[in-house]
Amino acid sequence: MFAMTLTPIVLATWLGCVASSPVQLQRQGVQGMQTKVPVTLFVMSKCPDAVLCERVFASVLEAVAPITDLTTQYIGKAEPDGFVCRHGESECVGNIQQLCARDLFPEANRWFSFVQCQNENDHWRSIPAGSHECFKRAISPNQTDLDRWQACVDGEYGSRLLRESLARTQAAGVTNSCTIAINGEKRCVHDSDWKQCPGGHEVDDFVRDICAAAGYPEICSSQLAGDLALLHFQ
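Take the sequence shown: its position 72, counted from the start at 1, is 72 in the numbering used here, and no numbers get skipped.
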């Protein structure tokens with residue numbers, strides 16, 4: 001364990017989405033949905049298990065982004081003068097970078113793209129290095145946006161975001177990165193291997209469960225899932 005007094009840093013993102021031909025959904029279409037299915041990944045920014053889960057959910061979002069409210073919550077310990085993160089001070093900074101990205105740029109195709117950029121080609125091992133490049137690539141090339149994000153990372157607000165996230169993780173009773181929760185229920189864990197995944201751990205399994213939780217089990221076919229992705233990114 002490594003205790004730290006936070007001196008945060010910078011970040012960025014990238015994500016590609018695949019779509020097929022549009023579809024007219026009957027009656028209550030996904031565009032009219034008032035509530036999305038909450039999906040939470042309990043992670044650490046420099047944990048290989050988290051990287052794997054996030055790669056899986058990048059593919060899940062390609063299918064069901066319009067009906068998914070994806071968030072990440074972080075595992076660690078808050079101290080009066082800082083934080084303790086399993087992979088050291090740099091991981092605490094990475095956690096704050098990702099939280100600030102989501103807070104300021106809440107669209108999944110921006111903040112989660114930033115996370116994917118940090119993960120790409122094993123770059124997660126060197127977090128927070130390369131975060132400015134990822135920010136410009138995944139979120140915005142605008143210097144004002146970068147400065148705003150950096151101020152969050154370096155300031156009290158970013159520290160507050162991490163403290164609140166750690167409290168949510170503790171309240172959920174989660175200790176393993178990566179733990180996946182769908183609709184408030186623990187769904188699966190990847191800890192060196194997939195565990196406690198009664199519904200399966202493939203992309204299609206998670207897509208199916210999200211669709212069912214949203215009340216649209218019929219859209220879980222590959223054709224309609226692709227159409228949902230197109231609707232989201234038009």
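Hints listed in this document are in silico derivations from the structure and should not be mistaken for laboratory results. Every residue, glycine too, gets a C-beta built ideally from N, C-alpha and C. Please note: incorrect hints may appear among the correct ones.
Claimed, not checked - Here are the computed distance ranges between Cβ atoms for each label pair:
#1 Ala129 / Gln196: 25 to 35 Å
#2 Gln143 / Asn121: 20 to 30 Å
#3 Arg168 / Asp193: 33 to 43 Å
#4 Ser59 / Thr144: 27 to 37 Å
#5 Gly88 / Ala167: 29 to 39 Å
Original post:
Does the Cβ distance between Ser59 and Thr144 fall inside 27 to 37 Å?
Top reply: Check passed, 32 Å falls within 27 to 37 Å.
Original post:
Should the hint that Arg168 and Asp193 are 33 to 43 Å apart at their CB atoms be regarded as holding?
Top reply: 26 Å, violated
**OP:** Go ahead and decide if the range 20 to 30 Å is satisfied by the Cβ distance of Gln143 to Asn121.
**Re:** Between Gln143 and Asn121, where Cβ atoms are some 26 Å apart, the hint holds.
**OP:** Evaluate the given range 25 to 35 Å for the C-beta pair formed by Ala129 and Gln196.
**Re:** Hint holds: Cβ distance 34 Å, inside 25 to 35 Å.
Original post:
At the C-beta level, are Gly88 and Ala167 separated by a distance inside 29 to 39 Å?
Top reply: Cβ of Gly88 to Cβ of Ala167: about 21 Å, so the range 29 to 39 Å is violated.
This entry does not satisfy hints 3, 5, going by the numbered hints stated previously.
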